[in-house]
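In the order they appear, the protein sequences are chains A and B.
Every letter in the first sequence is one number past the one before it in my numbering, and letter 353, counting from 1, is 353.
Every letter in the second sequence is one number past the one before it in my numbering, and letter 9, counting from 1, is 9.
No wet-lab data here; the hints were simulated from the structure.
Take the hints with a grain of salt, since some may be wrong.
[Unchecked claim] Label pairs and their in silico Cβ distance ranges:
(1) Leu97(B) to Leu308(A): 52 to 60 Å
(2) Arg47(B) to Ser395(A): 48 to 56 Å
(3) Val90(B) to Ser292(A): 47 to 55 Å
(4) Asp9(B) to Glu76(A): 34 to 42 Å
Each residue gets a CB set at the ideal place from its N, CA and C atoms; glycine is no exception.
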Amino acid sequence: MTTLALARTRDAERIGAEALQARLDASAQAARTPANLATSLHVLTCGSVDDGKSTLIGRLLWDTEGLHADQRARLERSPRTAAGTPDFSLLVDGLAAEREQGITIDIAWRYLDAGPRRLVIIDSPGHEQYTRNMATGATHADVAILLVDARSGVKEQTRRHAAILDLMGVRRVVLAVNKMDLVDWSQVRFAEIGGEFERLAARFGFEDALAIPVSAVLGDNIARRSAETPWYEGPSLLEHLGGIPSGSLRSFGDFRFPVQFVVRAGQDFRGLAGTVAAGGIGVGNEIIEPVSGQSARIKRIATMGRDLPHASDGQAVVLELDADLDISRGAVLTKVGQEPTVTRNLDVRLVWLADEAFAAERGYLLRTGTDLVPIAGMGVRAHLDLATLEERAASNCAANDIALARIELGRSAAIDRFADHPATGSFMLVDPISGASVAGGVVAATRASKSKTANSHGAFRLTRDLLARGLGADLPPTDRRADAELRRRANEVAILLRAAGVSVELEDAWGRAGLDAATIWLWLMAVLSFGFIGAVLLGLV
Amino acid sequence: MTAALSHLDLLEAESIHIFREAAAQFRKPVLLYSIGKDSTVLLHLARKAFYPAKPPFPLLHIDTTWKPRDMIAFRDRAVRELGLELIVHVNEQGRALGMNPIDFPPSVYTDVMKTQALRQALDKGGFDAAFGGARRDEEASRAKERIFSFRSEGHRWDPRRQRPEMWRLLNGRLGPGETARVFPLSNWTEKDVWRYVVRERLDVVQLYFAAERPTLVRNGSLLVRDDERMALRPGESIEMKRVRFRTLGCWPLTAAVESDAADLDSAVAETLAARVSERQGRLIDHDEAGAMERKKQEGYF
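The whole structure should be built from the sequences, with the hints applied where relevant.
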């Protein structure tokens, strides 16, 4: 056995084998269109420096139209490898200073043209902090190349990589068994590694998994098939990448349109700008906004230059409706019968990205496609052990942890399961004070909203404690004026949130009456303290 | 379902998405317009993103006072025809000091007339985000740049404060004192830009096309003398040559190439077949190793 190609069973079941085949045929057709770049493919490379990852990427650049003559000449002049070839890794390993800068998440993007196809190579570093880097890179990938050294085979790290790919929704994987020249092009060794990979791929149910014997340094089975591996009948790496369909197979079907903003032009025009995240829509179709239940028909699909009769997955358009609905940024339009869940309760899997650990009282915001939803409560319940894939109970979360968590939103939102709709089932967590993106994740399940007294009427509750730690972190803890300043800020926040459609309530005396109640309370305190000071001055105490 | 979108269609849609996300999240954005092909594509995409309305932000041109006259004329015509607001900013202290790219080291000149000028203009306008046409394929140190790139107070680029970007989610929530640079062309290559110029039939500055121009050779670079401010040194002479530019900038710092490609199609064909990267024409990049890296940390775009 030299290659393995697992049946694309999962999606074939979900979307119907015929639709799948039609999609594959369409992609293959497009890939053959001559003259210009018909499609692009995003390729994530996973592996450590020791496995020869930089050399592999450098070799891909060298063997395609990814380099200019001056870059080639510079490499030709550089010191050679032991094998006498140019050191391709020099094309990839950027400036020394850059490596020392310590970018928290560093992904390098490279672009090369292989025949009719643009390959976008997403390179995430393989050092020990690789989890968050790789997870970030994986969210942009159509396919991943897992790189292993033929001498060491599938390692613990390879399994971890596969687990991260699975988590972030990468369904296609290529195992590049590198340094085959160092194991004398052994068919037996390759079959052994291929078998291990087959078991790994089956465990995660990857749709398309192929092992290829290569030598990145010598170029065997990279751009051309190697004479050293007559026993291998499969494609070279570039041939294989050329045949993989672009985009996610799962991103079509139900219509999803996250609204970016309302476009107004002149007296009459009011449209909704956005990018179709899944499915398609045509003029005359009925759409619905699932949170409010408002519906209307598509009157016009506008783009500069021409109106479209139809818009589908990936297109940026402006939708004009036949009725003036109260819809703003953050809404997700869909078709009747295709609605996502409207919920406040999410079960999620996330990767923690920030150096600062999870802190429940931070009051994170949930960033979805175009919405920013306050989180009322969040609890980590377990970590996923990447090696064993077992859940371990946990309540904290730090950089590089993969955690399972429960999120309660401060208001209802239309959210999908990631498995059904990657674009509307993925999110990032945002720190409300620093603005930093602290985690990214996928929605594993949505749960029916529980009725809780604290926010049963749909209000997001700002507690004094929460505000003091975040909004008032710079204020002295026991100062009356600081307290007044904290109140002022809290009210500003409440006003802004209400203006954005989020109902907010402030704790206790900071309640719904807002500024008025707070001001009265403040004045009372002031009068009392002045009274006290006055009493002291008068020598009464 | 309609046919799969082409590579250029997807890039266009992504850029429009980025423009819209930035406009929806930042309070007061501005578009840095530098007149070249990348800016031309950037501006075209901005118009598409907000159609049928106009882009809800002004254009900002950092004028070093050393751009070829053709560029300035092109700029003024483009802005007039599109009915957009243009802010032109010159570092007046630099001008008063007589700062120029001939007598001063390119790095000093660039710092004063570009980097510092840009900071002044952004502060003066109170802009919290600036769109730029930078691409990741331009240079090694750009390969890791984010689409939303954050700057701390003083416009400094702090690698530790750069945010991971996942899926299509663009987080534009600013921390205290932060501003952002937004790069809608991040995933475009030079070839994509030219292909798009051809596809959309965009008007670009004539300097990209070959014509007889007054040239001289200095330090091995073929320069086009745009005006009399560059005095000839002993042994130098002006020669009329058929030349064009692959990249545009301050004329004493931008090398031309001899070419017969006099129209868009032939110039693009020549570029697509080019064996040399475009930055070879930018003299400031050769100034010293790691120049771009350092300039970026100091706030150069």
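Each hint, compared with the structure:
1. As the Cβ distance of Leu97(B) to Leu308(A) is approximately 54 Å, the hint placing it in 52 to 60 Å holds.
2. Checked against the given bound of 48 to 56 Å, the beta carbons of Arg47(B) and Ser395(A), roughly 51 Å apart, stay inside it.
3. For Val90(B) and Ser292(A), the Cβ-Cβ distance of about 51 Å falls inside the hinted range of 47 to 55 Å, so the restraint holds.
4. Our hint of 34 to 42 Å for Asp9(B) and Glu76(A) holds, since their Cβ atoms are close to 37 Å apart.
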